[in-house]
Amino acid sequence: MDIFKIIDDFQRIDGDALGRMEFATRRHFMNRIGSKVAQVAVPTFFASVVNKAFAQSAAAIDVLNYALTLEYLEDEFYKAGNAAANLIPASDKVIFTQIGKHETQHVAFLVKALGAKAIAKPTFDFKYGGAFADVFTNYKTFVTVSSALEDTGVRAYKGQAGALLADPQILEYALQVHSVEARHAAMTRRLAATVTANPAMKGWITGKEGAVPAIYAGEENMMQGGKDLKGLASKSDAAVTEAFDEPLTKEAVLAIAGPFIKA
Amino acid sequence: MNRLVKSKNNSGKEDGEITSVVNRRLFLRSAGLATSLGTIVISAACNDDDPDPMIPGTGDAVDLGSGDIGVLNYAYALEQLEAAFYTQVIATPYAGITDAERAILTDIRDHEVIHRDFFKAALGDKAIKGLTPNFATIDFTKRDAVLGAAKLFEDTGVAAYNGAGKLLKDGGYLLLAGKIVSVEARHASVIRDLINPKSADFAGDDILDANGMDKAVAPADILAAVKGYVTDSITGANVGK
Numbered sequence: 001m002d003i004f005k006i007i008d009d010f011q012r013i014d015g016d017a018l019g020r021m022e023f024a025t026r027r028h029f030m031n032r033i034g035s036k037v038a039q040v041a042v043p044t045f046f047a048s049v050v051n052k053a054f055a056q057s058a059a060a061i062d063v064l065n066y067a068l069t070l071e072y073l074e075d076e077f078y079k080a081g082n083a084a085a086n087l088i089p090a091s092d093k094v095i096f097t098q099i100g101k102h103e104t105q106h107v108a109f110l111v112k113a114l115g116a117k118a119i120a121k122p123t124f125d126f127k128y129g130g131a132f133a134d135v136f137t138n139y140k141t142f143v144t145v146s147s148a149l150e151d152t153g154v155r156a157y158k159g160q161a162g163a164l165l166a167d168p169q170i171l172e173y174a175l176q177v178h179s180v181e182a183r184h185a186a187m188t189r190r191l192a193a194t195v196t197a198n199p200a201m202k203g204w205i206t207g208k209e210g211a212v213p214a215i216y217a218g219e220e221n222m223m224q225g226g227k228d229l230k231g232l233a234s235k236s237d238a239a240v241t242e243a244f245d246e247p248l249t250k251e252a253v254l255a256i257a258g259p260f261i262k263a
Numbered sequence: 264m265n266r267l268v269k270s271k272n273n274s275g276k277e278d279g280e281i282t283s284v285v286n287r288r289l290f291l292r293s294a295g296l297a298t299s300l301g302t303i304v305i306s307a308a309c310n311d312d313d314p315d316p317m318i319p320g321t322g323d324a325v326d327l328g329s330g331d332i333g334v335l336n337y338a339y340a341l342e343q344l345e346a347a348f349y350t351q352v353i354a355t356p357y358a359g360i361t362d363a364e365r366a367i368l369t370d371i372r373d374h375e376v377i378h379r380d381f382f383k384a385a386l387g388d389k390a391i392k393g394l395t396p397n398f399a400t401i402d403f404t405k406r407d408a409v410l411g412a413a414k415l416f417e418d419t420g421v422a423a424y425n426g427a428g429k430l431l432k433d434g435g436y437l438l439l440a441g442k443i444v445s446v447e448a449r450h451a452s453v454i455r456d457l458i459n460p461k462s463a464d465f466a467g468d469d470i471l472d473a474n475g476m477d478k479a480v481a482p483a484d485i486l487a488a489v490k491g492y493v494t495d496s497i498t499g500a501n502v503g504k
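The listed protein sequences correspond, in order, to chains A and B. Under the numbering used here, the first residue of the first sequence is numbered 1, with each subsequent residue one higher. Under the numbering used here, the first residue of the second sequence is numbered 264, with each subsequent residue one higher.
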């Protein structure tokens, strides 16, 4: 896609279109195209104006605040982990810095999208009532919790897709975050597999394999679209379960996340 | 391809400054026009971007159909390409492939074959035909070429599913797409880590935007991006409509 081509087409369709864009003249775009920012900013400019309506149903606001709760949790978790001395080995620093950056970006995006309707950040207890007491001093515990948070995030977003059917643009944003959580999940699962010496734990979820078993209930599902996929394409049950990630309801996710939230 | 996908990135934050100086009311009218003509505008623009479009005509014309069935056929088409690609990768492994790499690529092949066969079964007599892939440009003997193509297929798959979600009307299909897209994202993450281990590339700044979001790309753009890898001429003009 070529932005100039689109502007040309705009003009062909409506010769006055550019004039009505006031400052956003072709010259202005041309001047900006030299920088990397412009390559991203110009198309997003179009998209964001189209989407400015950003119609938010009550259901969508609920979903976004639910997502914000989880993103607040992840953001604060990585901020604390990345700041802790002698926790993350130098070899893995870049990975958790990148993940932490995304969680901060997700929080900022959701806060901006929700505006005055955004919930305040809760107070968190990452020691999970003592179960992860050494989470910021023992890398093994940190990676375990990280992989669990990411996989839970994937399940949580997936569980809300249907609630956003009436809000297509918000659905799309949610999907765009959902797949990033899945990228994180695969990475942290592989780190966890190494740190906990568990080769059965791969980037994808075999059966309900994971570092914190309780949160993987249902991942072993073999039924998709009303069909039992056992034996499909002569593949193993393990492969069938890996090929599909499973959702969690909001209630199930909040039950998992609850002990992290103090108030 | 990169440029194409990048330009569909639609959730950046740098827009505020420009937006503020544009007459919102008037612009919305133009934007609405663009939306209604989006398919034409985008496909016209894409033609310019692809000086080397796969000359259609060597294979069959395949119409993905309309509505939700069109979206499912679209997914089925992409899964066919991915499954064929990884089947070839495992059949003729690149020089120096490690056991760990072979295990990962075999897993991915199995997932893609399962996705493909699942869609075929789910679509029944509404399924498009089996496509004929064209991987002539991929050197399967070389690790860089294979993993580079794998990265492209996985990132494209993620962007395609993300862009197709809102085209679906049925919540059950949407959930299925959601169950699959996160697995594709896991693949993308692992492949990217094989290419550049222990780097930020698994969720790299080259593919995510300034909001930490993956891409969401419309079917027309995805089909234009992958058409070099299939001999059939795929039409997806009515997907989701």
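Read the hints as simulated data drawn from the structure, not as lab findings. Incorrect hints may have been included.
[To be verified] Negatives, chain A to chain B, calculated, CB over 10 angstroms:
{"no.": "1", "residue": "Lys-101"}
{"no.": "2", "residue": "His-102"}
{"no.": "3", "residue": "Ile-119"}
{"no.": "4", "residue": "Ala-185"}
{"no.": "5", "residue": "Glu-246"}
{"no.": "6", "residue": "Ala-255"}
[What the hints assert, rightly or not] Computed Cβ-Cβ distance ranges for the label pairs, DEER-style:
{"no.": "7", "chain 1": "B", "residue 1": "Gly-330", "chain 2": "A", "residue 2": "Gly-207", "range": "40 to 48 angstroms"}
{"no.": "8", "chain 1": "B", "residue 1": "Asp-469", "chain 2": "A", "residue 2": "Ala-80", "range": "43 to 51 angstroms"}
{"no.": "9", "chain 1": "A", "residue 1": "Gly-207", "chain 2": "B", "residue 2": "Phe-398", "range": "42 to 50 angstroms"}
{"no.": "10", "chain 1": "A", "residue 1": "Ala-80", "chain 2": "B", "residue 2": "Asp-433", "range": "40 to 48 angstroms"}
{"no.": "11", "chain 1": "B", "residue 1": "Asp-469", "chain 2": "A", "residue 2": "Met-222", "range": "51 to 59 angstroms"}
{"no.": "12", "chain 1": "A", "residue 1": "Lys-121", "chain 2": "B", "residue 2": "Gly-435", "range": "32 to 40 angstroms"}
{"no.": "13", "chain 1": "B", "residue 1": "Gly-330", "chain 2": "A", "residue 2": "Thr-137", "range": "34 to 42 angstroms"}
{"no.": "14", "chain 1": "A", "residue 1": "Thr-123", "chain 2": "B", "residue 2": "Asp-468", "range": "51 to 59 angstroms"}
{"no.": "15", "chain 1": "B", "residue 1": "Gly-491", "chain 2": "A", "residue 2": "Thr-123", "range": "50 to 58 angstroms"}
{"no.": "16", "chain 1": "A", "residue 1": "Thr-249", "chain 2": "B", "residue 2": "Asp-469", "range": "45 to 53 angstroms"}
{"no.": "17", "chain 1": "A", "residue 1": "Lys-121", "chain 2": "B", "residue 2": "Phe-398", "range": "46 to 54 angstroms"}
{"no.": "18", "chain 1": "A", "residue 1": "Thr-249", "chain 2": "B", "residue 2": "Thr-350", "range": "30 to 38 angstroms"}
{"no.": "19", "chain 1": "B", "residue 1": "Thr-404", "chain 2": "A", "residue 2": "Ala-131", "range": "27 to 35 angstroms"}
{"no.": "20", "chain 1": "A", "residue 1": "Val-94", "chain 2": "B", "residue 2": "Gly-435", "range": "35 to 43 angstroms"}
The beta carbon of each residue, even a glycine, is placed where N, CA and C say it ideally should be.
Right, here's what the structure says about each hint:
1. Lys-101: violated (7 angstroms)
2. His-102: violated (3 angstroms)
3. Ile-119: holds (19 angstroms)
4. Ala-185: Violated: least Cβ distance 7 angstroms, not greater than 10 angstroms.
5. Glu-246: violated (7 angstroms)
6. Ala-255: About 21 angstroms separates Ala-255 of chain A from the closest Cβ of chain B, which puts it past 10 angstroms; holds.
7. B:Gly-330 to A:Gly-207: 40 to 48 angstroms: violated (35 angstroms)
8. B:Asp-469 to A:Ala-80: 43 to 51 angstroms: Distance hint for Asp-469 of chain B, Ala-80 of chain A is violated at roughly 28 angstroms.
9. A:Gly-207 to B:Phe-398: 42 to 50 angstroms: violated (33 angstroms)
10. A:Ala-80 to B:Asp-433: 40 to 48 angstroms: With a Cβ separation near 42 angstroms, Ala-80 of chain A and Asp-433 of chain B satisfy 40 to 48 angstroms, so the hint holds.
11. B:Asp-469 to A:Met-222: 51 to 59 angstroms: Hint violated: Cβ distance 36 angstroms, outside 51 to 59 angstroms.
12. A:Lys-121 to B:Gly-435: 32 to 40 angstroms: For Lys-121 of chain A and Gly-435 of chain B the Cβ distance comes to about 35 angstroms; the hint holds.
13. B:Gly-330 to A:Thr-137: 34 to 42 angstroms: The hint (34 to 42 angstroms, Cβ to Cβ) is violated, given that Gly-330 of chain B and Thr-137 of chain A are roughly 55 angstroms apart.
14. A:Thr-123 to B:Asp-468: 51 to 59 angstroms: violated (32 angstroms)
15. B:Gly-491 to A:Thr-123: 50 to 58 angstroms: The hinted range 50 to 58 angstroms holds for Gly-491 of chain B and Thr-123 of chain A, with Cβ atoms some 53 angstroms apart.
16. A:Thr-249 to B:Asp-469: 45 to 53 angstroms: With Cβ atoms ~35 angstroms apart, the hint is violated.
17. A:Lys-121 to B:Phe-398: 46 to 54 angstroms: holds (49 angstroms)
18. A:Thr-249 to B:Thr-350: 30 to 38 angstroms: holds (37 angstroms)
19. B:Thr-404 to A:Ala-131: 27 to 35 angstroms: violated (50 angstroms)
20. A:Val-94 to B:Gly-435: 35 to 43 angstroms: holds (40 angstroms)
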